[in-house]
Structure formats: C-alpha cells, structure tokens
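Trainee: Sequence:
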Amino acid sequence: MLKNVISGEEDLSNLDAAGLREKGNACFKNSDFDKAIEFYEKALAKDNEKREISHLCLSNQSLCHLKKKEFTKAVEAAEKCIKIKPDYLKGYCRSSEALAKQGRIKDAAQKLMLIPESIPITDADEKTLRQLLGESAALPTTPLEIYYLLVDAGANIKRLSEYFFIGVCEHAVRVCHLTNFQAANRTSLEITRFFKNLKKCLKKH
Numbered sequence: 001m002l003k004n005v006i007s008g009e010e011d012l013s014n015l016d017a018a019g020l021r022e023k024g025n026a027c028f029k030n031s032d033f034d035k036a037i038e039f040y041e042k043a044l045a046k047d048n049e050k051r052e053i054s055h056l057c058l059s060n061q062s063l064c065h066l067k068k069k070e071f072t073k074a075v076e077a078a079e080k081c082i083k084i085k086p087d088y089l090k091g092y093c094r095s096s097e098a099l100a101k102q103g104r105i106k107d108a109a110q111k112l113m114l115i116p117e118s119i120p121i122t123d124a125d126e127k128t129l130r131q132l133l134g135e136s137a138a139l140p141t142t143p144l145e146i147y148y149l150l151v152d153a154g155a156n157i158k159r160l161s162e163y164f165f166i167g168v169c170e171h172a173v174r175v176c177h178l179t180n181f182q183a184a185n186r187t188s189l190e191i192t193r194f195f196k197n198l199k200k201c202l203k204k205h
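Its first residue numbered 1, the sequence shown is counted upward by one per residue in my numbering.
The set of hints was computed from the structure by calculation and includes no laboratory data.
Since the model is a prediction, treat every value here as computed from it, not as a measurement.
Just so you know, not all the hints are guaranteed correct.
What the hints assert, rightly or not - Simulated restraints on C-beta separations: (1) Lys106 / Ser13: 28 to 38 Å; (2) Gln131 / Asn48: 32 to 42 Å; (3) Glu117 / Ser31: 29 to 39 Å; (4) Thr122 / Asn25: 19 to 29 Å.
Claimed, not checked - Below 20 Å or equal to it, Euclidean Cα-Cα: the simulated PhoX-like pairs (lysine-lysine) are: (5) Lys83 / Lys46; (6) Lys23 / Lys68; (7) Lys90 / Lys67; (8) Lys23 / Lys35; (9) Lys29 / Lys42; (10) Lys35 / Lys46; (11) Lys90 / Lys73; (12) Lys68 / Lys80; (13) Lys83 / Lys73; (14) Lys101 / Lys127; (15) Lys35 / Lys67; (16) Lys42 / Lys23; (17) Lys90 / Lys69; (18) Lys127 / Lys90; (19) Lys101 / Lys80; (20) Lys50 / Lys80.
Each residue gets a CB set at the ideal place from its N, CA and C atoms; glycine is no exception.
All chains should be built: construct the whole structure from the sequences, respecting the hints.
Mentor: Spelled out as structure tokens, the structure:
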C-alpha cells in the first residue's frame, strides 16, 4: 500500500473482478483502449475460477482490439468468449465483425449462422445483426457464394424474422442482377413481382 502511494500508482489490490472490469469500462469510455485491455486482463485473472464475468471481459477486450484495428486479436478474444459462454450473443457479433474486417467475408457470415436457437433475439439485436450482415459487408458478393451461404444456413436464417430473410434474398437477387448486367445479359427477374410473391409465400407458412 505504502509503495503504491509513494510511486503514485493506484492501489488495486482490494478490487474484485467486477471492480477491475468497471475500471476497464471507464478507460474504454475515455478511448484508452490499451489501459482498458489491461484492466480486463486483470479482471479475467481474478475471475478465473468462478467465470461469472469472464465472457463480458473477453467481449469488451475484443471490442477494444476492434477499435485498435487489431482484428486477429479481436477474433481470438471473441472466440474465447464464445467458448466460455456459448449463449452470449455479443461473442458471435464481435467475432463476425472482426472476421469481416479481415476480409474473411464467408467466415463472418457463417459465424452469425452459428448463433444457437436458444439465444433470444430482440429488435435491437436484429438491428445489430442486419448491420453486421450489411454495412460491414459480411454478406457474400457473388451468386455462388450466396448459394453456399443459404445452403449452410438452412432454416436458421429464417429464425431472425421473415423481413430479415426477405432482406437476404433481396441482396442475393440484386447481386445476381449485377452479375447479369456486367455480363451484358439484360434479361433477369423482375424484383417487385419476385418480392410480392415471396412475402405471400412466407405469410402462408
């Protein structure tokens, strides 16, 4: 204690894992990502046996690495998070985002398809997933890649909502249109009619 006072360092010996995580959160809010990672690491060390908040610390660590553009480390932290708590949605989201930033587009999309059905998905969560699949370019960009994605996803892709499913299909059709246009093949599906029929089909089921 006296040594810390003399050196000017903060005494952290009495802080538990939750307290250290809060320190990390404060550093994150101040954009001090290196210091935040250090605090999360210390929190993980104290939470090693109980594993009550380890998934939160790892998710936050992954986010710090994303902010620092350290995408490999972001994936590693997110995968550890998933391993410790497979039913924690943010672990999958962090991993998918980092994979997309690495250019591993198919892996990023497939990571989201591995989200267990037991995880409840709120409207806010779905908005996040839409963003990851859309703005972060986690969707495939060729007809063949889309085909494999839909085959791998199976029924899980419809679980998010019928509107999400329609959105993915719309993306698929638009990519096919673009490919046809680039190949000077102007004959393709009429989008409006296609989606009216698709919506009717979904309502029946």
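Trainee: If a hint holds in the structure, say so; if it doesn't, say that too.
Mentor: Here's how the hints hold up against the structure:
1. Lys106 / Ser13: 28 to 38 Å: violated, 47 Å
2. Gln131 / Asn48: 32 to 42 Å: holds, 34 Å
3. Glu117 / Ser31: 29 to 39 Å: This hint holds: roughly 37 Å between Cβ atoms.
4. Thr122 / Asn25: 19 to 29 Å: Distance hint for threonine 122, asparagine 25 holds at roughly 22 Å.
5. Lys83 / Lys46: It holds: about 18 Å lies between the C-alpha atoms, which stays within 20 Å.
6. Lys23 / Lys68: holds, 19 Å
7. Lys90 / Lys67: Within the cut-off at roughly 15 Å; holds.
8. Lys23 / Lys35: holds, 9 Å
9. Lys29 / Lys42: holds, 18 Å
10. Lys35 / Lys46: Roughly 17 Å separates the two Cα atoms, so the pair holds.
11. Lys90 / Lys73: holds, 16 Å
12. Lys68 / Lys80: OK: lysine 68 and lysine 80 at ~19 Å, within 20 Å.
13. Lys83 / Lys73: Roughly 15 Å between the alpha carbons, so the hint for lysine 83 and lysine 73 holds.
14. Lys101 / Lys127: holds, 19 Å
15. Lys35 / Lys67: Answer holds: lysine 35 to lysine 67 is near 13 Å, not above 20 Å.
16. Lys42 / Lys23: holds, 10 Å
17. Lys90 / Lys69: holds, 18 Å
18. Lys127 / Lys90: Given pair lysine 127, lysine 90 holds - Cα atoms ~13 Å apart, limit 20 Å.
19. Lys101 / Lys80: holds, 19 Å
20. Lys50 / Lys80: holds, 16 Å
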